[in-house]
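> Sequence:
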Amino acid sequence: MPFSHHSHSGEFCGHAANTLAEVVEHAVQRRKMSTFALTEHCPRGDDDLYPEEAAQHNAASLAALFDAFIVEAVRLQQQVHAASSAPGAAQCEILIGFEAEWIRPAASTAIAQKLLAQHGGTIDFFIGSVHHVGTVPIDFDRALYERARRMCGGSDAALFAAYFDAQLEMLEALRPRVVGHFDLIRLFADAPDEDLRAAAGGALWPKVLRNLSAARGMGALLELNTSALRKGLAQPYPRLEICRAWMAIGGQFVLSDDSHGIAQDVADTSRPKAARFNLQLPQLESRLSLAVPPPKAAVWDAQNCKTPVDRDKADDE
Numbered sequence: 022m023p024f025s026h027h028s029h030s031g032e033f034c035g036h037a038a039n040t041l042a043e044v045v046e047h048a049v050q051r052r053k054m055s056t057f058a059l060t061e062h063c064p065r066g067d068d069d070l071y072p073e074e075a076a077q078h079n080a081a082s083l084a085a086l087f088d089a090f091i092v093e094a095v096r097l098q099q100q101v102h103a104a105s106s107a108p109g110a111a112q113c114e115i116l117i118g119f120e121a122e123w124i125r126p127a128a129s130t131a132i133a134q135k136l137l138a139q140h141g142g143t144i145d146f147f148i149g150s151v152h153h154v155g156t157v158p159i160d161f162d163r164a165l166y167e168r169a170r171r172m173c174g175g176s177d178a179a180l181f182a183a184y185f186d187a188q189l190e191m192l193e194a195l196r197p198r199v200v201g202h203f204d205l206i207r208l209f210a211d212a213p214d215e216d217l218r219a220a221a222g223g224a225l226w227p228k229v230l231r232n233l234s235a236a237r238g239m240g241a242l243l244e245l246n247t248s249a250l251r252k253g254l255a256q257p258y259p260r261l262e263i264c265r266a267w268m269a270i271g272g273q274f275v276l277s278d279d280s281h282g283i284a285q286d287v288a289d290t291s292r293p294k295a296a297r298f299n300l301q302l303p304q305l306e307s308r309l310s311l312a313v314p315p316p317k318a319a320v321w322d323a324q325n326c327k328t329p330v331d332r333d334k335a336d337d338e
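Here this note's numbering is used: the first residue of the sequence shown is 22, the next is one more, and so on.
Some hints here could point you the wrong way.
[What the hints assert, rightly or not] Cβ-Cβ distance ranges computed for the label pairs, FRET-style:
| id | residue 1 | residue 2 | range |
| --- | --- | --- | --- |
| 1 | Ala89 | Thr156 | 24 to 34 Å |
| 2 | Gly109 | Asp68 | 45 to 55 Å |
| 3 | Gln100 | Gly174 | 36 to 46 Å |
| 4 | Pro108 | Pro227 | 53 to 63 Å |
| 5 | Glu73 | Pro108 | 40 to 50 Å |
| 6 | Pro72 | Ala131 | 45 to 55 Å |
| 7 | Glu73 | Ser106 | 35 to 45 Å |
| 8 | Arg231 | Asp162 | 24 to 34 Å |
Think of the hints as simulated: they come from the structure by calculation, not from any bench. It should be emphasised that the depicted structure is a prediction, and the values quoted were computed from it without experimental measurement. Each residue gets a CB set at the ideal place from its N, CA and C atoms; glycine is no exception.
Just need the whole structure built from these sequences, with the hints factored in.
Below, the structure written as structure tokens:
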């Protein structure tokens with residue numbers, strides 16, 4: 022059965038579609054998901070609103086919207102789990118989380134800490150993502166990507182380097198359980214499908230390996246995010262060479278579709294691109310963590326944004 026650890030809805034995300042209830046119903050009833058995570062974006066400051074948000078939101082209203090998301094997510098989680106107990110009913114584990122941002126380090130850290138302090142008993146995990154370099158979005162559209170590139174000196178290589186440096190800062194500060202779309206920076210690049218081992222004359226690969234090592238050291242999971250395929254890239258996030266490097270150091274994955282509404286189907290390994298990609302990772306199945314630890318199996322340190330500690334690890338201490 023399919024599963025996804027990254028999703029959005031139009032009810033709580035301005036660039037998505039459908040209500041959260043519709044998204045959950047589609048995942049459970051139509052797609053027969055076994056695990057589905059609700060991971061709306063965390064609130065952001067007034068200076069960091071997306072274009073579609075600026076006309077109707079500010080920092081306070083985004084914070085209120087996130088609180089409303091948690092209330093609705095809990096309601097739907099309870100509804101689905103109660104229905105799953107009926108004989109012959111669809112079995113689906115609903116996880117609740119959020120996608121953390123890394124825009125302005127101090128503010129981004131404070132927001133993540135606040136959400137964990139307020140909702141730590143409800144949130145199963147959060148995704149640590151980088152969507153900005155120098156406070157400029159790098160995956161929203163080509164124009165903003167080019168603006169970020171100019172700020173870094175005008176080359177993709179320099180922008181990629183700044184992105185991976187920002188990602189390391191995010192990892193060290195937030196210590197997320199799941200690392201979101203590791204190489205998202207590729208989306209609007211001039212050569213989005215270039216092997217990162219060779220990109221910029223090999224100068225970027227040490228940064229990739231450095232970040233993978235940092236993520237592995239804190240026990241994070243890497244999401245294998247298929248949204249890259251529907252956006253026209255040849256491989257998911259992260260690329261094959263990154264997946265292999267991650268597996269070589271014992272890293273594990275979660276599967277994600279990063280859907281922004283029911284029209285964007287969940288991760289489907291039967292699709293030609295995904296199937297070809299997976300054939301090159303013969304050990305992938307054994308590396309997939311089907312679900313992150315549920316709340317009772319994790320210990321949160323909201324003050325320091327420490328990663329959850331699995332129950333079995335806690336028992337060993």
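> Just tell me: holds or violated, for the beta carbon distance of Glu73 and Pro108 against 40 to 50 Å?
holds, 44 Å
> Measuring from beta carbon to beta carbon, are Gly109 and Asp68 in 45 to 55 Å?
holds, 51 Å
> Given a hint of 24 to 34 Å, does the C-beta separation of Ala89 and Thr156 actually sit inside it?
Holds: the Cβ-Cβ distance is about 26 Å, inside 24 to 34 Å.
> Can you tell me whether the CB distance of Pro72 to Ala131 sits inside 45 to 55 Å?
violated, 24 Å
> Arg231 and Asp162, beta-carbon distance inside 24 to 34 Å?
holds, 29 Å
> Quick check: does the Cβ-Cβ distance between Pro108 and Pro227 fall within 53 to 63 Å?
holds, 55 Å
> Between Glu73 and Ser106, is the Cβ distance one that fits in 35 to 45 Å?
For Glu73 and Ser106 the Cβ distance comes to about 39 Å; the hint holds.
> Does the Cβ distance between Gln100 and Gly174 fall inside 36 to 46 Å?
violated, 51 Å
Hint check: violations occur at hints 3, 6; the rest are consistent with the structure.
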